[in-house]
Every structure is written in structure tokens, then in C-alpha cells.
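Engineer: Chains as they are written, first to last, in UniProt numbering: chain V, 1 to 362; chain H, 1 to 362.
Mixed in with the good hints there might be a few duds.
[Claimed, not checked] Covered stretches of chain H (in silico footprint by chain V; criterion: 3 or more residues with CB under 8 Å from a CB of chain V, positions within the stretch not fixed): (1) 14-24; (2) 55-67; (3) 192-205.
[Unchecked claim] Label-pair distances were calculated between CB atoms; the ranges are: (4) V:D148 <-> H:P322: 51 to 59 Å; (5) V:T125 <-> H:C20: 52 to 60 Å; (6) H:G32 <-> V:G32: 44 to 52 Å; (7) H:G54 <-> V:R19: 46 to 54 Å; (8) H:P302 <-> V:S28: 55 to 63 Å; (9) V:T125 <-> H:S23: 45 to 53 Å; (10) V:D251 <-> H:P262: 33 to 41 Å.
Simulated from the structure, these hints should not be mistaken for lab results. The C-beta atom is built at its ideal place from N, Cα and C for all residues, glycine as well.
Protein chains: 2
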Amino acid sequence: MLSILRERGGLSRAQIAARCGLSRTTLSEITGDLLARGAIVVVTTDARERAGSGRPAELLALDPRSGQFLGVDLGHSRARVAVADAAHEVIASEAVAYPPDSPWPRRLAAGVELVERLSREQGITLAALQGIGVGVAGPCPADGSRADVLAAFAERFSAPVIVDNNTRFAALAESGDTIGASDVLYVRLADGIGGGLVVGGRLVPGARGAAGELGHVKIDPEGGLCRCGKRGCLETVASVPPALAAAGVRDLEELAARRDEPRVRAAMDRVAGALGRVLADAALVLDPEQIVIGGPLPHAVPAIVERAGEVIAAELVPAGGPGPLIRAARLGDDDGARGAIAACCRQSPLLDDYPSLSGNPS
Amino acid sequence: MLSILRERGGLSRAQIAARCGLSRTTLSEITGDLLARGAIVVVTTDARERAGSGRPAELLALDPRSGQFLGVDLGHSRARVAVADAAHEVIASEAVAYPPDSPWPRRLAAGVELVERLSREQGITLAALQGIGVGVAGPCPADGSRADVLAAFAERFSAPVIVDNNTRFAALAESGDTIGASDVLYVRLADGIGGGLVVGGRLVPGARGAAGELGHVKIDPEGGLCRCGKRGCLETVASVPPALAAAGVRDLEELAARRDEPRVRAAMDRVAGALGRVLADAALVLDPEQIVIGGPLPHAVPAIVERAGEVIAAELVPAGGPGPLIRAARLGDDDGARGAIAACCRQSPLLDDYPSLSGNPS
Numbered sequence: 001m002l003s004i005l006r007e008r009g010g011l012s013r014a015q016i017a018a019r020c021g022l023s024r025t026t027l028s029e030i031t032g033d034l035l036a037r038g039a040i041v042v043v044t045t046d047a048r049e050r051a052g053s054g055r056p057a058e059l060l061a062l063d064p065r066s067g068q069f070l071g072v073d074l075g076h077s078r079a080r081v082a083v084a085d086a087a088h089e090v091i092a093s094e095a096v097a098y099p100p101d102s103p104w105p106r107r108l109a110a111g112v113e114l115v116e117r118l119s120r121e122q123g124i125t126l127a128a129l130q131g132i133g134v135g136v137a138g139p140c141p142a143d144g145s146r147a148d149v150l151a152a153f154a155e156r157f158s159a160p161v162i163v164d165n166n167t168r169f170a171a172l173a174e175s176g177d178t179i180g181a182s183d184v185l186y187v188r189l190a191d192g193i194g195g196g197l198v199v200g201g202r203l204v205p206g207a208r209g210a211a212g213e214l215g216h217v218k219i220d221p222e223g224g225l226c227r228c229g230k231r232g233c234l235e236t237v238a239s240v241p242p243a244l245a246a247a248g249v250r251d252l253e254e255l256a257a258r259r260d261e262p263r264v265r266a267a268m269d270r271v272a273g274a275l276g277r278v279l280a281d282a283a284l285v286l287d288p289e290q291i292v293i294g295g296p297l298p299h300a301v302p303a304i305v306e307r308a309g310e311v312i313a314a315e316l317v318p319a320g321g322p323g324p325l326i327r328a329a330r331l332g333d334d335d336g337a338r339g340a341i342a343a344c345c346r347q348s349p350l351l352d353d354y355p356s357l358s359g360n361p362s
Numbered sequence: 001m002l003s004i005l006r007e008r009g010g011l012s013r014a015q016i017a018a019r020c021g022l023s024r025t026t027l028s029e030i031t032g033d034l035l036a037r038g039a040i041v042v043v044t045t046d047a048r049e050r051a052g053s054g055r056p057a058e059l060l061a062l063d064p065r066s067g068q069f070l071g072v073d074l075g076h077s078r079a080r081v082a083v084a085d086a087a088h089e090v091i092a093s094e095a096v097a098y099p100p101d102s103p104w105p106r107r108l109a110a111g112v113e114l115v116e117r118l119s120r121e122q123g124i125t126l127a128a129l130q131g132i133g134v135g136v137a138g139p140c141p142a143d144g145s146r147a148d149v150l151a152a153f154a155e156r157f158s159a160p161v162i163v164d165n166n167t168r169f170a171a172l173a174e175s176g177d178t179i180g181a182s183d184v185l186y187v188r189l190a191d192g193i194g195g196g197l198v199v200g201g202r203l204v205p206g207a208r209g210a211a212g213e214l215g216h217v218k219i220d221p222e223g224g225l226c227r228c229g230k231r232g233c234l235e236t237v238a239s240v241p242p243a244l245a246a247a248g249v250r251d252l253e254e255l256a257a258r259r260d261e262p263r264v265r266a267a268m269d270r271v272a273g274a275l276g277r278v279l280a281d282a283a284l285v286l287d288p289e290q291i292v293i294g295g296p297l298p299h300a301v302p303a304i305v306e307r308a309g310e311v312i313a314a315e316l317v318p319a320g321g322p323g324p325l326i327r328a329a330r331l332g333d334d335d336g337a338r339g340a341i342a343a344c345c346r347q348s349p350l351l352d353d354y355p356s357l358s359g360n361p362s
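Could you put the whole structure together from the sequences, leaning on the hints where they help?
Structural biologist: What follows is the structure in C-alpha cells.
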């Protein structure tokens, strides 16, 4: 229904019902709820066009200035926010820089101020927010800081808040349009290796909030010592620092520039091989629809995705039939706020009330 | 609400509403639906106890003879069925043997006849069935046989049917009581190795219906040839035939009897080590609440579970905090019908209508 109104506003309940294939009773319940939340508005009636004498029908549309979902990305050196309407379309976004590695209170204050400014300057109403997603760089913050995040946003904007790490929100954003998502195994190769799982259109948090930690799967019992204390984790081979060292280059720019040289190619083949084996094993367990590889390392050397894909396909051959789609991430590192919106859209009580809208194909 | 009625029948709507903390309007909607489905019945009114002159209130109870969920387990050599009421309690069950490896039509006919006999002899009504789960031995049957299963049960009993393999249904049954389930990674060591994942209280099917295939995770690139065509799969080490061969025994009985002898212990340590490494990697990806190890091999040598648990714990140490609970399966191989009931309870449209009853903690 929301996507019908997104395409064309100013429809009567009867017109919407006919296009959705819903009964008028069901549709009236839904529109009543959406009107109460401020997600849609009555724009006019059809009194002028109407030939007969019956009561004029109200024409409904999405409220183009009513923010329903707020996404906030508190990165290492900048905050970014985005606001989406009831149809999950981003209607406003903005970013602000702060000094790298600013302390938590500073980042939080910057995020809240940015949202307030956006609302004021672009005339976005936040009175009917259904949910706020706050993505943070690195692992999900410890209980204390997490409580600060929740308090800062929940109290200021009176809406439920979801806090998680940006990588997991990115997994959700990669899983497809917020309405109609697919199962995704997502991995991100950066200074560390993080990942996320989307199953049935929802982010899998894990029992301890640690699902998707592909970086610490062991690929070589004799391998180098990992910062986690184990030996031979994927992160000791396929994160940015060991990949640069193996290729004999200083930084990602040099890596990208020299990626066709034999030594660099060989090093990146080893990265892709290790990554492919870990992803293949994970794919045997999860049977995902898509495997998405993101982060600055494959951005510098796109061939990593292709070569890892060959390894995965070879390992999955016996399963028969078409394997998962293996692809590079579509969204850049700046899209954390969009991922956070995806997270709160999926978890929204509005969608829970109407399972058919939740995009869960199961 | 159902668990309140399971504990004590003969309550009025007002009494139930007070105990559930639901509004009377919401409760009336739910009870109306349940009465229409035959899940609950009006047992009497409070007219005799009533002091005042108001209209007597109807007292409601679960219908103890009304089957709401039917579980069917079509094994290699016997069919087993179980019927549960609206509160997911098993109210009747029965099994019948057929010659090992009977063809599909024979197994299906045996299952349907068994259900009919159970209904007739124990006075169970099947008119209001909400769902039927049919578990089959081995991989989920191919499209043709699957259609036969669906047709045989759906047409005969006029209810939606879920077909899947028994191992996955067992994973669901192990994930806890049907109301209030936890995330489980389940593996079963038998002639082959199968597994299943439960996330957010629901079975994860996977994009191609192949989630949980832990048996074909590679543990040794130089290892023995697997029936899947790859080398060194977990199944080439930790399924029953290679485990018996490594221990130098003929069958599971002999294995159980000689499990404390050095050669057998050493062989089982290798099984547990390989299993532990595969489960540890899967646990890094999934972060489950519980890892459950079932099937005839750990049944014969329970120490496999303990030793695999030590390997998993060592691999997960860096994650910090308490790891997953690692335990032997609670339900035996005869509990497939119960798992099938768990599956259809979780997927039931009744529960989808009332998300708070679905047992999904997210």
C-alpha cells in the first residue's frame, strides 16, 4: 500500500484497496493507523470531481515532510543522519565532521544536533518517528555507552532506538530494498574483518550480539597471531594491514595502482583464497541467497570478489543447482545511516502488525 | 493465553484478560477466533455461582480432544504420528512399522492410515487442524515426491502442510518449548551428517532449502573422498561408517561397549576434534545460544559431545563472555513427529496473527 502511495499520491481508500487487492475493511484499519501515526495525510476530497450526491471520499497521500524512520551513523570522524518517510524513501540527509576518535559524548551530541538542524532547516517533522537506528563504528558499544546512545536518542525523539555496529547495518542495507529482502551473508574487509547475517529479511544479532564474526574463523592453525589471541584467523590474512604487507605496498592507493603486478596479484590471490574458503563453509551452514563482499580492500582490488567467488563456487559444487549470488557491496562506507534506517524499518512495530508488508518471503 | 488455559480451564473472558494483561476487546477477538477454529470450547457459564443479575459469563477451556497440529515422521522403517492441542501439548501419538526402504506411496499411505486410526480409536477431532508437519528421512524429497506428500495430507485433512527433513525438524524441537524458543545450531551424526539452524525461534530453510549442511564443510583438503565429490568433508571423518572403521569395530553396539579402550578413545577424539572445529567456525558466524549434538554416534559415545565442547570453547575464548551451551540432544530419533509439530506450530497462521504469542523473542 505504501509503495502504491509512493508512486502516486491522492488516491481514495477505494482506489487503494482495488490496487492492493485488500478488502476495504482491512484497508480502512491500516489507513486509520497510518493517519494516526502521521505517516499519511488527507490531501483533499474528490468532492469537485464527483458527479453523484454521495459523501465525498478523502484522498490520501504520504506526508512528504513526516519523518518516520531516522538513521544515524556515528563513525570515527563524522556523524551522518538520514530520515525516511513511511515508504522507506530517504527524504533528507546530512553529515557533520568531528575530530577523529572523539569521545562518545561528543559524537552523540554531534548526532543529536545534526538531526535537530536537519529537521529545522529542511522542515522535517519528527513527531511521528516509528524508530531510530544508530550505527556505531567498530563493535557494538559496551553496556554503558550503549545506554548513553539509547538515552540520548530515545529521550530526545521519543521513539524506540536500535543500536548496532555499522557493518551489521550495512549487511541489512545490502540485503535489498527494505520491502522484499533476501538472505545475505555479508563480510567487510577493512582494518579488521566484520560481517553480518540477514535471514528472512531480518538482521541476526546472535545470542551475545556477535553473529557474523567471520574475521576470527581459523584458516591456518600454524598461522600468524591474531589480535584476538588465536592463531591463523582470517583477519591475519585478509584484512587491510596483512594484505598490504603481503603485497609489499604502503597503502590502499598504492595497492590499487599496482594491482596488476605479479607480486600484488599473487598476494591478492591468497587473500581471495582464504576469504573464499571461509565464506564457502559459512555458505554451507547458511545457504544464503547472496554473499556480499565489501570494505576498502575489495574496493581497491575488485578482483578479490571475483576470485573468492570462484573458490566458493568450487566448494559448493556438490550441493548442485545454482549457488548463491556472489557480488561486491553496492553501498559505500558512507551509507551507514541508510543501513540504520533499513534496520529500524524492518523492526518497526507498524510492519509487525501487518506481516504481509514486512517483506519476509517465508 | 493458551498457556493460562492449559494450566486451568473454565475461566471467563474477564478472568483470562486479567491474567494475560490484555484488553477485553483484544481478548474477545482472540477467543472468537479460537472458538471458530475449535481450539477452545465453552464448557459452561458462571450462572450458578453468580450473585448479581447480569448476563452469565461463558467459561472457556481448551478442547482436550481437538487436534490443532499434526506431526508425521516418515522414517526408513516406520511412520510415527503425534497430535497436539492449541497449547501445543501432545494429546495422542502412535507408530506403525513398514518394511525398511518402502517406496514413497507405501510410506505415505501408512502415515495417512495411522492418523485416521488414531483419530477413530482415541476420539481425536481433526476438523480444525491448523497445520500438518511431515518430516521425512534424508534430504527433503524432490519436487515430485514432495508434491505427493503435500497432496496426500493436505487433501485428506484440509490443512496447510510443511514438508522437511527430520533432522531439521529435530533442530526445531531441540530449540526449546514451542513458546519461547532460542537460537540453536543442531548437528546429527548418523550414516551421514545433517544439521539444522533455528534463529529467532524459526527454522532457517536457506535459499535452496540446504541450510545446516555441516557435513560437507571441509576439514582436511588432503582427506578422503566424500560421496559429495569433494575431499575431506566432516562426513568423511565424523559420520558413523568412518568412525566405526577408525575405531576398528563392527557396529554401534560394539563401539559403545568398547568406548573406553585406547584405540576407540583415540578414534573418537579425532571425531570430536573435527566436529568441534566445524561447529566452532559455524558458531563464530551464527553466535547461537545452544549447540546441540545428536544422532546414534554420540548416543553410543557420549564423550564425543564433551570433547567437541572443549574444542569449541577453546576456539571461541577470544570472543569473551560465556559461550554457547553445548549439549547432547534431548530428544531421541523417535521424536521426529514432535519436531514436525514444533515446525507447524511455529509457522501457524494463528500465531502469525498474534505476534506476541509466536514465541519469537526478537
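Engineer: Okay, which hints does this one fail, numbers in order?
Structural biologist: 1, 2, 4, 5, 6, 9, 10
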